[in-house]
Amino acid sequence: MKLDDKQLEKLLTSLPKLQISEKADKKFYAKLNALARERFFEEETSALTAPSFFNFLRPTSLRLGLVGAFASLLLVVGGTVWAYQPSTTRGKLMYPWKQTAEKVELAFAFSDMQKVDTHLQFSDRRLEEAQNIVGKSSSLALLLQTAFADEGEVELTGEEQKNLEATLEDMRSEVTKASEIVETRVTAPEKAKRAIERIESASNQHIETLNNLERRAAKKAKAIIRLVADDADERLTAVMQAREEINQALEKREQTVKLIINMRRERLSELKNQFNDESRQHRLEEVRQNFTETMQRFEVMPLDVKQEFTAEIEKAKTSLEMGRFGMAEGLSRVMEMREMRFKLQPEPKPEPEFLPADQPQSQSQPGDKPTEPFNPDFQPVQPFQPQQEIKPDAPFNSDAKPALPSMPIEPKKPFQPMLKEQQDFSKLPDEKPSHPIQPKPALINKNEPADFQQPNPNQQKPQDQLPPPMPKNDMLNTNKGMERVDNLMRGLQEAGNFVESK
Amino acid sequence: MPQKADIEQFTAYYEKHKTSIFNYILYRIGFNRDMAEDLTSDIFLKAFEHFDSYDKTRPFKTWIFTIAHNHLVNYYAGKKETLPLEEALEIAKEVGSQNSAEHNMTMERILKLVSHLSESQKDLVLMKYVDDLGNEEIAKITGKEEGAIRTALSRATATLRDQYNIQFQEDTL
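So the protein sequences, as listed, match chains D and W.
With the numbering used here applied, the first sequence corresponds to residues 518 to 1019, in that order.
With the numbering used here applied, the second sequence corresponds to residues 345 to 517, in that order.
One thing to keep in mind: the hints can contain errors.
Said to hold, decoys possible - Here are the simulated lysine to aspartate or glutamate pairs, EDC-like style, with alpha carbons at most 20 Å apart:
| no. | chain 1 | residue 1 | chain 2 | residue 2 |
| --- | --- | --- | --- | --- |
| 1 | D | K548 | W | D382 |
| 2 | W | K348 | W | D396 |
| 3 | D | K543 | W | D386 |
| 4 | W | K466 | D | D522 |
| 5 | W | K348 | D | E555 |
| 6 | D | K548 | W | E352 |
| 7 | D | K534 | W | D382 |
| 8 | D | K548 | W | D386 |
| 9 | W | K466 | D | E526 |
| 10 | D | K548 | W | D396 |
| 11 | D | K544 | W | E359 |
To be verified - Estimated spans, in silico, between C-beta atoms of each pair:
| no. | chain 1 | residue 1 | chain 2 | residue 2 | range |
| --- | --- | --- | --- | --- | --- |
| 12 | D | E555 | W | R377 | 54 to 60 Å |
| 13 | W | R377 | D | A586 | 50 to 56 Å |
| 14 | D | F627 | W | Y420 | 50 to 56 Å |
| 15 | D | Q536 | W | E446 | 21 to 27 Å |
| 16 | D | A547 | W | N376 | 20 to 26 Å |
| 17 | D | A624 | W | A421 | 52 to 58 Å |
| 18 | W | E480 | D | F627 | 36 to 42 Å |
| 19 | D | E539 | W | R499 | 39 to 45 Å |
| 20 | W | K390 | D | A828 | 53 to 59 Å |
| 21 | D | E539 | W | P403 | 23 to 29 Å |
| 22 | D | R715 | W | K390 | 42 to 48 Å |
| 23 | W | E359 | D | L583 | 37 to 43 Å |
| 24 | W | N376 | D | P603 | 53 to 59 Å |
Keep in mind the hints are simulated off the structure, nothing from the lab.
Note that beta-carbon positions come from the ideal geometry of N, C-alpha and C, so glycine has one too.
Isolated chain D, as found in the complex (with noise of 0.2 Å):
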């Protein structure tokens, strides 16, 4: 049979058809949907600057008016993007120019997150405009230092330390700001932290910075930047504490969190702007020891522990090399709370015996502390040093510290551990009654057991205060654990009274 025209048309008619699939007509409809944005939006805008546009406006004074506004925008844009340029420092003519976009800038920040990121922005800003008034003279103070040694220095004038400091003083208070929105606005700890992770951050770049810049700054200048990098530095023992507050809360899945930062770096850094070389070095030595007594105190703890912190551990030991005691304290701390956290928790992992033949010994000299950064023959002395958990009260401190007579500074308080803080804000009437410190009566509780086992707060040597048991295989007992629990409200309720009774 011979295929005719229809029958071959027919055929050819039949081929197959396929269709589109689902898939390839998504892609299509998104790559529509942005090709229609973006015409849109070139449309917007080519009306103002289209020649045709200006053409068809009859009215001269319209089109002026329009060329007005465009030259006023174009001067406006032009001049912000001139003045947000570094080397616009304060006192130069757009500086207030950069100020009032900042301000604007501030104002498109919406939610608490941007806004973190904003101050912290500004911060940044601030640090690098310090750079450039430091940088202005320090080329030629370096090239003057190499070639006359330190006699050569090219000082600022004394505008420009005003300007440097009072530059470096917005930057501080822009990380303050940035931390004072995390503490006050944002209680979600997941919120909380991403932002305090972003201030640690910038404290930690501001630090670097302001090291390397105080090297080349001559002498006035580098006086002013190494106050401004170490009260950068106290802040990073709160901001990491606080850091540490959010992890725990996190791995209790608590819904929020509050914390507090400024309030713990200014009570830290009581000694700011006094800070000088005799200062710093009393400052360094006592987190030196702090770390060295935390360090004693996780001997004692399981391996897994241990090797929990060996990161921690081995940064603080540079931070204290390169001076950065703030960050030194902060680690010593987050190995504290987590030491806390350890204890706390309901099945402590059996560790080796206490050696109680050491504990009168340690115990007969309190003082005998080391003095010694690191001792890694240290020998275990045991989980809590009483000694430590009591200087809250003052008369107590001098005494308790006589390894170090010569401080030039007397250490009330602010120094002390966490721990001691949080007591020292409950007890204080003039803290803020709603003190975030509030939800962590747990933790003191249970901490203190060395502290007011005995119900006499007024006998001030610690070794009296101690009973002869340890806690720590106390607390594999229950029994003598709730025991100790009781005697340990017991304590707590008479320390109270006895600070009032002060």
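Following the hints, position chain W against chain D.
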């Protein structure tokens, strides 16, 4: 400058013609499905970009096919190989699986013959029968005279018919 109404209209056009354009491309690039889908999307986006230059008194079908035709020409300008239609056989089998075996065999033969036509003849045949375009539309798209198209088409179909009858006569007897 596309208005909202334009976009709606364009979307309607796309829905109406996407299958034709897709198959038009598919048959001409060796049944590479993914590629055909990409090219179809490109063609419609190109059309959208120039939608304001589209004369709405004229049929959209010819306009979009012209764009597709030119797009393919450009596409081939880079790659000089001609793609065989034989690959369509497999697809023809898949698509036509519900048809009788005899129908499928005939289909295969036709496709084979179409693929052996000269490029211009093949193009015409596909436009006419697969893409359902009229002679006038084909003329506009290819930029040729309608009469020339008619003659060329009848010549192509005659070739197909004769080839079919010579090659497969014995089978169908």
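Hints, one by one, checked against the model:
| no. | hint | result |
| --- | --- | --- |
| 1 | D:K548 to W:D382 | holds (11 Å) |
| 2 | W:K348 to W:D396 | holds (13 Å) |
| 3 | D:K543 to W:D386 | holds (13 Å) |
| 4 | W:K466 to D:D522 | holds (17 Å) |
| 5 | W:K348 to D:E555 | holds (13 Å) |
| 6 | D:K548 to W:E352 | holds (15 Å) |
| 7 | D:K534 to W:D382 | holds (17 Å) |
| 8 | D:K548 to W:D386 | holds (10 Å) |
| 9 | W:K466 to D:E526 | holds (14 Å) |
| 10 | D:K548 to W:D396 | holds (18 Å) |
| 11 | D:K544 to W:E359 | holds (14 Å) |
| 12 | D:E555 to W:R377: 54 to 60 Å | violated (29 Å) |
| 13 | W:R377 to D:A586: 50 to 56 Å | holds (53 Å) |
| 14 | D:F627 to W:Y420: 50 to 56 Å | holds (53 Å) |
| 15 | D:Q536 to W:E446: 21 to 27 Å | holds (26 Å) |
| 16 | D:A547 to W:N376: 20 to 26 Å | holds (22 Å) |
| 17 | D:A624 to W:A421: 52 to 58 Å | holds (54 Å) |
| 18 | W:E480 to D:F627: 36 to 42 Å | violated (60 Å) |
| 19 | D:E539 to W:R499: 39 to 45 Å | holds (40 Å) |
| 20 | W:K390 to D:A828: 53 to 59 Å | holds (57 Å) |
| 21 | D:E539 to W:P403: 23 to 29 Å | holds (27 Å) |
| 22 | D:R715 to W:K390: 42 to 48 Å | holds (45 Å) |
| 23 | W:E359 to D:L583: 37 to 43 Å | holds (42 Å) |
| 24 | W:N376 to D:P603: 53 to 59 Å | holds (54 Å) |
Checked against the numbered hints given earlier, the structure breaks hints 12, 18 and satisfies all the rest.
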